Amino acid sequence: TRIDHLNRRRIPYTGNSDRIVVILLPVLLLSIARADLPGTWELIVQDAGIASMHTAVTRFNTVVLLDRTNIGPSRKALGQHRCRKDPKDAVLKRDCYAHSVLFDLGTNQIRPLMIQTDTWCSSGQFLSDGSLLQTGGDRDGFKKIRRFEPCDPNEKCDWVELQDTELRTGRWYATNQILPDGSVIIVGGRGTNTVEYYPPRENGAVPFPFLADVEDKQMDNLYPYVHLLPDGNLFVFANSRAVKYDHRINAVVKEYPPLDGGPRELSIRWIIGDASHPRRF
Numbered sequence: 011t012r013i014d015h016l017n018r019r020r021i022p023y024t025g026n027s028d029r030i031v032v033i034l035l036p037v038l039l040l041s042i043a044r045a046d047l048p049g050t051w052e053l054i055v056q057d058a059g060i061a062s063m064h065t066a067v068t069r070f071n072t073v074v075l076l077d078r079t080n081i082g083p084s085r086k087a088l089g090q091h092r093c094r095k096d097p098k099d100a101v102l103k104r105d106c107y108a109h110s111v112l113f114d115l116g117t118n119q120i121r122p123l124m125i126q127t128d129t130w131c132s133s134g135q136f137l138s139d140g141s142l143l144q145t146g147g148d149r150d151g152f153k154k155i156r157r158f159e160p161c162d163p164n165e166k167c168d169w170v171e172l173q174d175t176e177l178r179t180g181r182w183y184a185t186n187q188i189l190p191d192g193s194v195i196i197v198g199g200r201g202t203n204t205v206e207y208y209p210p211r212e213n214g215a216v217p218f219p220f221l222a223d224v225e226d227k228q229m230d231n232l233y234p235y236v237h238l239l240p241d242g243n244l245f246v247f248a249n250s251r252a253v254k255y256d257h258r259i260n261a262v263v264k265e266y267p268p269l270d271g272g273p274r275e276l277s278i279r280w281i282i283g284d285a286s287h288p289r290r291f
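202 is the number that our numbering gives to position 192 of the sequence shown; each next residue is one higher, with no gaps.
These are computed hints drawn from the structure, not numbers from a lab. Note that the structure is a prediction, hence the values are computed from the model and not measured. Glycine included, each C-beta is placed from N, C-alpha and C at the ideal position. One should not assume that every hint holds.
To be verified - Here are the computed lysine to aspartate or glutamate pairs in the EDC-like style, where the Cα-Cα straight-line distance is at most 16 Å:
1) Lys95 <-> Asp150
2) Lys166 <-> Asp114
3) Lys153 <-> Asp168
4) Lys254 <-> Asp223
5) Lys95 <-> Glu171
6) Lys103 <-> Asp174
7) Lys153 <-> Glu171
8) Lys264 <-> Asp230
9) Lys98 <-> Asp150
10) Lys98 <-> Asp162
11) Lys153 <-> Asp174
12) Lys103 <-> Asp114
13) Lys264 <-> Asp223
14) Lys166 <-> Glu176
Said to hold, decoys possible - Simulated restraints on C-beta separations:
15) Leu238 <-> Glu212: 17 to 25 Å
16) Gly116 <-> Arg157: 37 to 45 Å
17) Lys227 <-> Asp162: 24 to 32 Å
18) Leu239 <-> Gly49: 24 to 32 Å
19) Asn164 <-> Val262: 45 to 53 Å
20) Tyr266 <-> Asp162: 42 to 50 Å
21) Cys93 <-> Pro273: 38 to 46 Å
22) Val262 <-> Glu171: 31 to 39 Å
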């Protein structure tokens, strides 16, 4: 039996109350845990069709997702009889599947985008006009430059791969950073201890000895942290060391103390539009 304390009477045991307690207790604990957390995860789309390696939020309340191209079909067809023909692709020479998509945050709809070359471990940066620049990658994408001009969700913007301009040096695991004049500096990459710019400059790829100094067998100088400082110089961190770099004269003007605890490898780079910016991108 169990006791109904409210009505002061005994109720015959049916064998289910323990199970109810077992079920309700985790639910109660989960509710308490959620109440103590600053936020929770929510599944919005069950299957986006691709595994996003690079993600960028645009001023149109949409999100650009980028995958890689050379591991076979994705779960999202390009549609409209569109196919990518690439004799250098490792798996599909004729590929009719999307490896980039546009996610509409307002409707949770996914629209396939078309990239021509592999963007695996490429690097990106929003430009001053709000367009997204994506450079480098693997295999046939090694030296490629791509641009995506965001548009209203009802329009049909897509990736454009530049045909008349390439990187001076192929780059894989590089980092892009916009500069005060609107150009972009592209820093490093696997086995590429140089910097170059977009739009391209006459001096091409310029050696950056700091990246060579922090390179090791683990390649702990991949995806270096690069941030523009108020004085126009760049804060650059790779492996366990950081410097202030004057890109205008190609010189390190300050070295910071190394961090304890070993290398910090493969930085997480966020590309998020600033809604407070005058151009609102």
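How the hints compare with the structure:
no.: 1; hint: Lys95 <-> Asp150; result: holds, 12 Å
no.: 2; hint: Lys166 <-> Asp114; result: holds, 12 Å
no.: 3; hint: Lys153 <-> Asp168; result: violated, 20 Å
no.: 4; hint: Lys254 <-> Asp223; result: holds, 15 Å
no.: 5; hint: Lys95 <-> Glu171; result: holds, 14 Å
no.: 6; hint: Lys103 <-> Asp174; result: violated, 23 Å
no.: 7; hint: Lys153 <-> Glu171; result: holds, 11 Å
no.: 8; hint: Lys264 <-> Asp230; result: violated, 21 Å
no.: 9; hint: Lys98 <-> Asp150; result: holds, 7 Å
no.: 10; hint: Lys98 <-> Asp162; result: violated, 34 Å
no.: 11; hint: Lys153 <-> Asp174; result: holds, 12 Å
no.: 12; hint: Lys103 <-> Asp114; result: violated, 30 Å
no.: 13; hint: Lys264 <-> Asp223; result: holds, 15 Å
no.: 14; hint: Lys166 <-> Glu176; result: violated, 25 Å
no.: 15; hint: Leu238 <-> Glu212: 17 to 25 Å; result: holds, 23 Å
no.: 16; hint: Gly116 <-> Arg157: 37 to 45 Å; result: violated, 24 Å
no.: 17; hint: Lys227 <-> Asp162: 24 to 32 Å; result: violated, 48 Å
no.: 18; hint: Leu239 <-> Gly49: 24 to 32 Å; result: holds, 31 Å
no.: 19; hint: Asn164 <-> Val262: 45 to 53 Å; result: holds, 48 Å
no.: 20; hint: Tyr266 <-> Asp162: 42 to 50 Å; result: holds, 44 Å
no.: 21; hint: Cys93 <-> Pro273: 38 to 46 Å; result: holds, 42 Å
no.: 22; hint: Val262 <-> Glu171: 31 to 39 Å; result: holds, 34 Å
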